[in-house]
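Since the structure of chain A is provided, determine the placement of chains B and C on it from the hints.
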Amino acid sequence: MVDLPSPSRAAAPVVRDSAFRVRMRRVRDLTAQILSNPATVIGSVIILAMFAMAIFAPWLTAPNTPDPYQMPRDWAATRMPPGTPGYLLGTTNEGGDVLYGVIWGARMSLQLSLVVVGSVLVIGCIIGSLAGFIGGKLDEILMRIVDVFLSIPELIFALAIAAVLGPSFGNIMFALAMVMWVKYARIMRARVIQIKNSEYIDAARIIGDSKLNIYLRDILPNSFTPVMVQATLDMGNVVLIAATLSFIGLGEAGIAEWGVLVSEGQAGIASGRWWASTFPGLMIFLWGLAFNLVGDGLRDALDPRTESSR
Amino acid sequence: MLDMTNRPSGLANSPATIASVRDLTVHFPSKRGMVHAVDRVSFEIRDGETLGLVGETGCGKSVTGRSFLQLLPIPPGILAQGTVTFHPHARCGACAGTGCDACNSTGRRPAACPSCTGAGCAQCNGSGAETVELLRLPEDRIRRIRGDRIAMIFQDPGKALNPTLTIGDQLSEVFLQHRTEELLDAAGIGPEDRGLAARLLGRLASQRNGSIDNLLLSLPPLRGKRNLLLDALRNNVAAALAETQIANPYQIIDRYPHELSGGMRQRVMIAQALACNPDLLIADEPTTALDVTVQARILELIKDLQKRRQTSVLYISHDLSLVRRICDRVAVMYAGRVVEIGRTDRIFRNPSHPYTRGLLHAVPTAATKRGQLMAIKGTVPELVDPPPSCRFVGRCPHEKALCRSKNPELAQIADEHSVSCFIHDAAGAADAPSFDEKTQ
Amino acid sequence: MQLRDYVIRRLLVLPFLIIGVSMIVFALTRVGGSPIGIYLSHEMTPAQVAEIEARFHLDKSLPVQYFYWARGVLQGDFGWSGVSVAPVAEVFPKKLAATLELSVASGIVAVVMGLWLGTYAGARRNRPADHITRVVAVTGASMPNFWLAILLLIIFWAQLGWMPIGRSTPEIIALVPTRTGLYTIDALLAGNLVAFGDALWHLILPAITLGYGATAIIARMMRSALVEELQLDYVDAARAKGLPERLVLKKHARRNALIPTVTVIGLTFGFLLQGTVSVEIIFRWPGIGKWMADSVLRGDQATLMTYVLFTSIVFLVLNLIVDVIYANLDRRVELGK
Numbered sequence: 002m003v004d005l006p007s008p009s010r011a012a013a014p015v016v017r018d019s020a021f022r023v024r025m026r027r028v029r030d031l032t033a034q035i036l037s038n039p040a041t042v043i044g045s046v047i048i049l050a051m052f053a054m055a056i057f058a059p060w061l062t063a064p065n066t067p068d069p070y071q072m073p074r075d076w077a078a079t080r081m082p083p084g085t086p087g088y089l090l091g092t093t094n095e096g097g098d099v100l101y102g103v104i105w106g107a108r109m110s111l112q113l114s115l116v117v118v119g120s121v122l123v124i125g126c127i128i129g130s131l132a133g134f135i136g137g138k139l140d141e142i143l144m145r146i147v148d149v150f151l152s153i154p155e156l157i158f159a160l161a162i163a164a165v166l167g168p169s170f171g172n173i174m175f176a177l178a179m180v181m182w183v184k185y186a187r188i189m190r191a192r193v194i195q196i197k198n199s200e201y202i203d204a205a206r207i208i209g210d211s212k213l214n215i216y217l218r219d220i221l222p223n224s225f226t227p228v229m230v231q232a233t234l235d236m237g238n239v240v241l242i243a244a245t246l247s248f249i250g251l252g253e254a255g256i257a258e259w260g261v262l263v264s265e266g267q268a269g270i271a272s273g274r275w276w277a278s279t280f281p282g283l284m285i286f287l288w289g290l291a292f293n294l295v296g297d298g299l300r301d302a303l304d305p306r307t308e309s310s311r
Numbered sequence: 022m023l024d025m026t027n028r029p030s031g032l033a034n035s036p037a038t039i040a041s042v043r044d045l046t047v048h049f050p051s052k053r054g055m056v057h058a059v060d061r062v063s064f065e066i067r068d069g070e071t072l073g074l075v076g077e078t079g080c081g082k083s084v085t086g087r088s089f090l091q092l093l094p095i096p097p098g099i100l101a102q103g104t105v106t107f108h109p110h111a112r113c114g115a116c117a118g119t120g121c122d123a124c125n126s127t128g129r130r131p132a133a134c135p136s137c138t139g140a141g142c143a144q145c146n147g148s149g150a151e152t153v154e155l156l157r158l159p160e161d162r163i164r165r166i167r168g169d170r171i172a173m174i175f176q177d178p179g180k181a182l183n184p185t186l187t188i189g190d191q192l193s194e195v196f197l198q199h200r201t202e203e204l205l206d207a208a209g210i211g212p213e214d215r216g217l218a219a220r221l222l223g224r225l226a227s228q229r230n231g232s233i234d235n236l237l238l239s240l241p242p243l244r245g246k247r248n249l250l251l252d253a254l255r256n257n258v259a260a261a262l263a264e265t266q267i268a269n270p271y272q273i274i275d276r277y278p279h280e281l282s283g284g285m286r287q288r289v290m291i292a293q294a295l296a297c298n299p300d301l302l303i304a305d306e307p308t309t310a311l312d313v314t315v316q317a318r319i320l321e322l323i324k325d326l327q328k329r330r331q332t333s334v335l336y337i338s339h340d341l342s343l344v345r346r347i348c349d350r351v352a353v354m355y356a357g358r359v360v361e362i363g364r365t366d367r368i369f370r371n372p373s374h375p376y377t378r379g380l381l382h383a384v385p386t387a388a389t390k391r392g393q394l395m396a397i398k399g400t401v402p403e404l405v406d407p408p409p410s411c412r413f414v415g416r417c418p419h420e421k422a423l424c425r426s427k428n429p430e431l432a433q434i435a436d437e438h439s440v441s442c443f444i445h446d447a448a449g450a451a452d453a454p455s456f457d458e459k460t461q
Numbered sequence: 004m005q006l007r008d009y010v011i012r013r014l015l016v017l018p019f020l021i022i023g024v025s026m027i028v029f030a031l032t033r034v035g036g037s038p039i040g041i042y043l044s045h046e047m048t049p050a051q052v053a054e055i056e057a058r059f060h061l062d063k064s065l066p067v068q069y070f071y072w073a074r075g076v077l078q079g080d081f082g083w084s085g086v087s088v089a090p091v092a093e094v095f096p097k098k099l100a101a102t103l104e105l106s107v108a109s110g111i112v113a114v115v116m117g118l119w120l121g122t123y124a125g126a127r128r129n130r131p132a133d134h135i136t137r138v139v140a141v142t143g144a145s146m147p148n149f150w151l152a153i154l155l156l157i158i159f160w161a162q163l164g165w166m167p168i169g170r171s172t173p174e175i176i177a178l179v180p181t182r183t184g185l186y187t188i189d190a191l192l193a194g195n196l197v198a199f200g201d202a203l204w205h206l207i208l209p210a211i212t213l214g215y216g217a218t219a220i221i222a223r224m225m226r227s228a229l230v231e232e233l234q235l236d237y238v239d240a241a242r243a244k245g246l247p248e249r250l251v252l253k254k255h256a257r258r259n260a261l262i263p264t265v266t267v268i269g270l271t272f273g274f275l276l277q278g279t280v281s282v283e284i285i286f287r288w289p290g291i292g293k294w295m296a297d298s299v300l301r302g303d304q305a306t307l308m309t310y311v312l313f314t315s316i317v318f319l320v321l322n323l324i325v326d327v328i329y330a331n332l333d334r335r336v337e338l339g340k
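Residue numbers (my numbering), protein chains in the order written: chain A, 2 to 311; chain B, 22 to 461; chain C, 4 to 340.
Derived from the structure by calculation, the hints contain no laboratory data.
There could be a bad hint or two in this list.
[To be verified] Here are the computed distance ranges between Cβ atoms for each label pair: (1) B/T138 x C/Y329: 52 to 62 Å; (2) A/F225 x C/Y329: 41 to 51 Å; (3) B/E403 x A/W60: 52 to 62 Å; (4) B/N235 x C/R74: 18 to 28 Å; (5) B/G231 x A/A53: 49 to 59 Å; (6) C/Y329 x B/T104: 43 to 53 Å; (7) C/G302 x A/G171: 10 to 20 Å; (8) C/A30 x A/A254: 52 to 62 Å; (9) A/D148 x B/P159: 13 to 23 Å; (10) C/G302 x A/D148: 26 to 36 Å; (11) C/Y329 x B/S51: 30 to 40 Å; (12) A/S120 x C/L300: 26 to 36 Å.
Glycine residues also receive a C-beta, built at the ideal position from the N, C-alpha and C atoms.
So here's chain A without its partners, still in its complex pose (with noise of 0.2 Å):
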């Protein structure tokens, strides 16, 4: 008799990991493989360029005393064109150094993404969350008010709020926030009723934990990641949009903004003097460029569907 194969048994024993470690090695695979996309390392290394150049920026140039916002302004040496000994990239009209501008300009970039970014994700995760967790008349009323917000284009809305506010680089980023929080909490509650129907949900309402415990230990640790890519992404948006506004003009004259350089710097356009336009402009375009080249990569790395890059 030959002998048949023998009924399959159990597998291996299981091996169970805290929901941390797990977590941990979700985050180490996918670093992994967004640093295999080169995009997404470029995008990176200019980030961390920009983000150094504005945490030193009291060490790489001098500041402006006594506020180091301000462009200097030095009338011996106007209109300066780069490469003039002292003044890399050149003055503007009103002898402030290019390259000051464009370094402070940095600093400045920086603290407008990180508040209004962190403000609109912390504001827009906690209304949607609650609004897709507490349903009913909460959500209806909220989700009326987000459709609405949504219904005017997000640079207009913007210029209309600092317009009417007056024209000061606190405004700008009061403006943004106003604007941009309602997207974050449409993914939220996306997010947060889909993860509340499914069905591991239900067991731990048949274990009893209570509601908040639910929403806090349940809900919110993963309903995060389509947020985090929409975050990325409005990092160099809000930039973006608020250089666009300085340079519309409500920004404040003489800061050393790159959206004000880039509108101070047109009148000499017809003179033939491009620099004053041209560096403060080349900045927000390459931190837009960057960031969005990591919201692509993170979101390329998210989607289980996307192509890889093989």
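Coordinates of chains B and C only, in the frame set by chain A:
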């Protein structure tokens, strides 16, 4: 001449074969190494037979099937070696394809080798039949074979039909691609015609028409001929649909795939495949996506069509019971290799490769006692850079030392029955309860 | 019929959204200082000020103020433009024509170039042409359009002197009677080819600037949609029928890839709408964008709010159309699966 000494009988090239696969090897690069998806696979398909290609998911059967039409994703895949020779048929001259005694009512007869016009030469290995090596054919020639001499039907008809084109549109493509002269003939354009009408209609009949052509063809002087052509096309499509027992073909022509049921869609696929009376039909799991009841009917349809037209069929499936019902011979594949091949009744009565046996025993039947599901222990091995051993090592109940150091080749153990396993090298077939005994 | 219900539902919601937007706009007018500031001057007596306040119902409660404001808007009274020294409703159509001409030109550029680039790249996935296109696309999506405008201006206007600024050469365009307000169309209608050429020449640089970002977005979507379609079974099935690759690409893959791309094309209208502001400023294009920017600088609220209301309505309607088209096309695909 071929070296026949170490080849089991039944694999020599002869006109009774419609296609033969020899040492087909396909690799796919992956992050972990080179995946040997198909490893020196050899078999032949006889003219008019239905050969089953059976195996579990990932064993390489789909890749093998696709290679016939050069539908492999090469790059990134790599065709490491192998040949697939094909003996195409041509339209029967006596009946112009309608069917007569000379061609057994199929309308097709083996084509003569062009270099020797049937006498026998080096090109056709003395057989006199036209011989084509499919894997290395240039693009324009393989396109002429696709859909015309060799056709393929796919697993999920819902996905294999374009959702935004009508059924008629999609079936017309086959006729427009391969039956241009007949369509032109119906419109009254002969092969020697050179006028404007001939040129414009020629473009329409070969799918090269642009918006300007369409505009010109809609004008009165040309419109009549155009409509003759389109009517002929429509009738051809309806006839093809009627062949698969679709009751109202003219209405189906204007429908979209999503408006039809799964079984209907598969009939459409089959109609499309058989439209030009191909010599070989490759069916890649055609019933997997269908309900069980519909499955049976589609199987019967394929069997019936195959008998009437004597089309050779390569039936790829993972379902043994299906294969048993319609295949004359069966080839069992495992981990990229053919492990057993032979006549269906032989294989099912006397499965000789341990894998085949495991497969057959794993199917639960009425006789199986409760709580006793048989499974083959272990899992399918990684196909990445495999070691030189039998692929079934670690799962085989009859494993010997030899199995771990050498990969067995297909060897004949009985008439119309070959196995690649070392158990059968020395003694005869090992005795084991047969499939029929266990089931009923 | 699911599609019909969907369309009806969206149409019913539309007016409410517009009302909601109008409420936001109204709130903004009340936030930003006095709404009648533009009518006041230092010489006025308190009695005159009070009279103006009563005329604009500022003594009443907010909801009542909104009612009067909304009624005025519906009757066509959009306020007085301090910038143009004329009623907003009078100046708006003229400026709108200019912006329309620019947007349509940019839109054509974006759609044609974007679809072509996307198809070109998608069919040659992971080959050099694909990588170059992707780089172009990503830079386009991140490029601040005012910076691109300035660069192009520096090169082609300041340095080379090839391209002009503004919308037209006044002497040439004065000869063309205004019919649609679009200089190119009007010139063609009048048979004045010189004027047509002049208008077109002025249009080139701003249209390229404005269209570049939109091209990038469309190309990107087209490429990824095409790549996805090419991996589906029906593409292989089409090849298995013996169809030449160009037919497989055009008739099968690309046609289906256009479906998701259509939604992006709709979104680019919103993109173009927002982009006109900076581009019009730099190229001195006399459209609603530049007009609005001037109003912002001069505190002219009426113009600004009309602009916001207008663009929001256009935005909403465009999105509705795109969503309906997509729902119709997608039906066949979804039901088939």
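Structure-based check of all given hints:
A hinted range of 52 to 62 Å for the beta carbons of B/T138 and C/Y329 is consistent with their spacing of about 59 Å. Under the hint 41 to 51 Å, the C-beta atoms of A/F225 and C/Y329, about 29 Å apart, miss the expected range. Under the hint 52 to 62 Å, the C-beta atoms of B/E403 and A/W60, about 54 Å apart, fit the expected range. Between B/N235 and C/R74 the beta carbons are some 54 Å apart, a value that contradicts the proposed interval 18 to 28 Å.
Here the CB-CB span from B/G231 to A/A53 is close to 57 Å, well matched to the stated 49 to 59 Å. Between C/Y329 and B/T104 the CB atoms are about 48 Å apart, so this pair conforms to the stated range of 43 to 53 Å. Separated by about 19 Å at the C-beta atoms, C/G302 and A/G171 satisfy the suggested range of 10 to 20 Å. Between C/A30 and A/A254 the C-beta distance comes to about 28 Å, which lies outside the given range of 52 to 62 Å.
A C-beta distance of roughly 58 Å is found between A/D148 and B/P159, which places it outside the suggested range of 13 to 23 Å. Taking the beta carbon of each, C/G302 and A/D148 are about 30 Å apart, inside 26 to 36 Å as hinted. Checked against the given bound of 30 to 40 Å, the beta carbons of C/Y329 and B/S51, roughly 36 Å apart, stay inside it. Between A/S120 and C/L300, the C-beta spacing of about 28 Å keeps the proposed range 26 to 36 Å intact.
Hint compliance for this structure: hints 2, 4, 8 and 9 are broken, all remaining hints hold.
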